[in-house]
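The chain contents come next:
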Amino acid sequence: MMRSMLILLACLFTGEAHAQSTAALIRTNGYLAPQFQAVYRPDARPVDQQRIGMSGSKAGLIFNGTVTPQWRFRVHSVVGGDTINALTVAEPVDVDNNGTTDAIYTKTKPALSNMVVESSITYAPHEVIQFNLGRMRIPFTSQAQSPDTDLMFPERAGPNATFIRGSDMGALVKSNFLEDRILASAGVFNGISTNLFDSQRRGVLYTGRLDINPLGSFGFSETSEWKGPFRLGLGSGIIHNPYTAFDNAGYPTVSVTDTRWTASSRIAYYGLYVVGEFLMRQQLDSMSSRPEWATGWYGQAGWHLPRGLEPMFRMGEATVDESFDPRRTRWIDAGMNFYPAPKAKRTDQVKLTLHYLVEERIDENETAQGMSARAQVMW
Amino acid sequence: MLAALTTTVGCKSGLLKAAEWGTFRYFGELTGVPEVEWDEENNNEVLLELVPPISDRQGNIYVLYEDPNGDSVAYVGTARGGWTQGCQAEEKELPHTPAEATRIHGFLGTADNRAWLWVGDALVEVSGETGQCNQVLDADPLTVTDLKFIAAVPYVHETPARRTLVGWIQGVNDAYNRNPPFQVVVDLDLGRYVAYNEFQPSDASCIDVLGVGANPADEEGVIVVAYNLDGERKVEARIIDSAGNNRVVADIALEESEVYPCEADDSVAPEPRVIGQIQSNDQGIYAGILSNGELLAFNEKGGDSRELPDFNAQGLVRLDGELWVSGTHEDRPVLGKVQADGQVNEVVQWTTSENAARALQGKISVLDQRYQPAEPIAWRSPVTAMGSWPFISPYPLDEYALDTTGWLIAGPSFDSTMVQTAVAFGPVGISIP
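One line per chain: the protein sequences are A and B, in this order.
Quick note on numbering: our numbering labels position 286 of the first sequence as 286, and the sequence is numbered without any gaps.
Quick note on numbering: our numbering labels position 255 of the second sequence as 255, and the sequence is numbered without any gaps.
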């Protein structure tokens with residue numbers, strides 16, 4: 001599949017472009033990140049109690065194209081990312097041969113749920129403003145703005161994924177003032193990345209984010225090198241998703257407003273990168289009188305030391321369904337990144353990661369532990 | 001806009017105030033008349049048999065009703081509107097059930113999009129997605145013996161991996177002969193038991209379950225049982241953890257308890273039974289309303305039955321970790337707090353219940369969700385469909401949202417072969433008093 005995808009993309013963005021004499025400057029980069037994982041869940045079903053093996057590996061391919069200085073595009077595809085168990089067989093089973101179905105025999109296979117992480121067009125008429133259109137990650141949280149390859153840990157924090165995950169189709173306008181000191185964005189999206197349960201619904205997701213870096217430009221890479229002066233970043237984001245749910249006959253049943261809010265703070269100083277974020281959600285509807293509240297927070301720190309070592313630690317907690325039956329989950333991550341190729345163009349082009357994670361379901365009295373070893377190579 | 005939204009979301013909102021009703025959702029016409037309008041001498045009228053509704057994590061609503069034939073029917077109101085037509089649990093009556101008792105023992109708990117209930121001899125799962133009812137462990141998977149749940153603890157232990165519940169099961173003959181049952185942990189996902197223990201003492205006879213209850217905060221349930229042993233009649237409260245182990249066995253003193261021969265077909269246990277379910281407070285005091293009007297109260301050290309102050313006890317309500325006995329005094333709703341020693345010393349007027357009933361007076365807008373698309377209609381002064389006042393029930397009230405429970409109201413009725421009544425679900429704010 002990876003090979004066919006590469007061929008397809010190559011045809012789309014290079015072959016066709018040359019054939020029409022409308023060549024675009026395309027810079028191709030990508031990454032490979034094989035990962036070994038061991039997970040231990042002592043309270044799970046026996047089949048799920050231990051899982052050891054290669055899991056969570058990824059291979060990504062990124063095309064950054066420039067048609068003119070104002071018009072650009074970007075395609076980021078990943079293989080081995082999010083998988084779902086797709087139903088492949090479902091057969092009724094009549095155990096006692098009495099003509100009634102006693103059980104359903106099913107078979108599932110892992111399938112890719114979302115291969116394209118980003119495919120967007122950018123129009124930048126002026127250096128302080130640009131417009132993005134297509135599939136992209138909603139810049140709601142601080143971590144949502146970090147590229148996948150520039151994360152400190154292999155995955156984003158658990159609370160971040162509770163409030164938003166994946167990418168979405170939409171349009172975004174980004175502005176940049178005072179040499180990256182003030183970054184603002186606003187946009188509209190379809191709203192498929194907010195983890196709402198599947199139902200027939202119609203609505204538009206509005207989003208806005210403001211980041212202030214008073215001491216100068218401060219990117220969202222979480223693996224800063226042993227350099228640079230002190231940097232401070234403060235940010236806040238909001239998602240507002242009003243929509244109407246419809247019944248099977250196509251008639252409206254209930255109007256819903258789903259609003260999420262976040263505030264973040266970051267500092268960086270000679271390889272030290274610290275970020276903390278607080279998240280909140282409220283969903284109201286026109287029928288139930290049962291609001292859905294959720295809150296979460298996480299804090300993480302890593303220190304990229306001169307010899308290419310980066311010890312890191314992260315802790316976070318999320319509480320969902322606070323308004324009727326709170327369910328809390330706590331995550332504790334610890335690990336070490338090692339950058340063995342300091343002479344590469346970018347220090348983090350080769351990154352080895354050892355990661356230990358504890359996930360504690362507080363109200364359900366269940367704890368899972370896992371560790372992973374990952375090698376990531378970017379080009 | 002961003003500033004306004006940020007301000008809005010910073011303040012959590014959307015909850016109902018005490019005695020304030022949310023949207024009423026009309027789901028069906030049921031045979032029966034609400035208690036407040038029931039004329040016992042009218043042959044066309046039977047009492048509307050309902051228990052307080054329950055909700056799952058996804059927001060689906062479950063209503064349990066017993067029709068005049070004694071069959072249990074479960075209705076499901078989906079989180080985004082609309083109701084199912086009602087599924088029959090297909091249960092059978094437990095042997096030796098008193099003639100005046102209903103088959104409904106109540107809801108046992110919910111998970112993401114499912115609810116479980118105990119009716120007659122059956123543990124039943126109701127799907128919030130489809131509204132379908134399925135009996136759980138209806139027959140022994142190995143011997144295919146028809147199994148009867150003579151007790152089911154109203155607490156579903158839920159973890160990310162599994163959902164389990166503790167119950168007592170027997171074959172038909174053992175249930176009829178009141179022999180010792182098996183205490184099992186039922187895996188509700190697999191529909192089979194994953195652990196079991198024989199009832200001890202194994203030579204006990206004439207075993208009668210008097211009531212069940214739970215303390216979900218401590219992840220434990222309780223079964224109150226009476227049995228004959230060595231020429232004595234013993235009554236015990238067995239506090240059971242989620243793994244199916246008896247954590248505590250506490251002696252209960254009941255005046256009416258005495259050895260009786262249970263071999264005769266029509267023999268009836270001498271002890272009063274718990275009406276509804278036993279509930280608990282944060283101090284570990286369990287209490288239940290007995291069929292003789294007294295209060296059964298106990299903790300790990302034991303307990304007894306005691307008379308209540310001068311009021312008509314009809315229910316229990318747990319709120320903010322405290323347990324209150326509810327009832328009426330001079331036809332007005334009252335509450336009495338269950339103290340640390342199990343006593344109820346004094347009662348206070350329950351103004352929230354009165355206000356909730358008062359809020360139903362006049363023209364009330366109801367969303368008719370029996371068919372799609374739903375349409376708003378008006379009811380003239382509906383009344384509570386359960387109990388004498390809102391919130392008064394011997395069954396636990398659902399924590400629908402913070403300081404909010406779900407309740408059923410009865411609207412217009414019409415005379416068919418028997419009187420039918422329109423019933424709707426409504427969320428309502430609750431407080432003490």
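I should point out that these hints are in silico values taken from the structure, not numbers from a laboratory.
Treat the numbers as computed from the prediction; the structure is a model and nothing was measured.
It is possible that some hints are incorrect.
Some chain B residues close to chain A (C-beta under 10 Å, calculated; not the full set) [to be verified]:
no., residue
1, L15
2, A18
3, T23
4, Q372
5, G426
Counterexamples of contact, computed for chain B against chain A with all Cβ distances above 12 Å [said to hold, decoys possible]:
no., residue
6, Q58
7, S257
8, Q343
9, E346
10, V428
By construction, the Cβ of each residue, glycine as well, lies at the ideal position given by its N, Cα and C atoms.
Of the hints given before, which are not true for this structure? Of the numbered hints given earlier, those the structure breaks are 2, 6, 10, listed in rising order.
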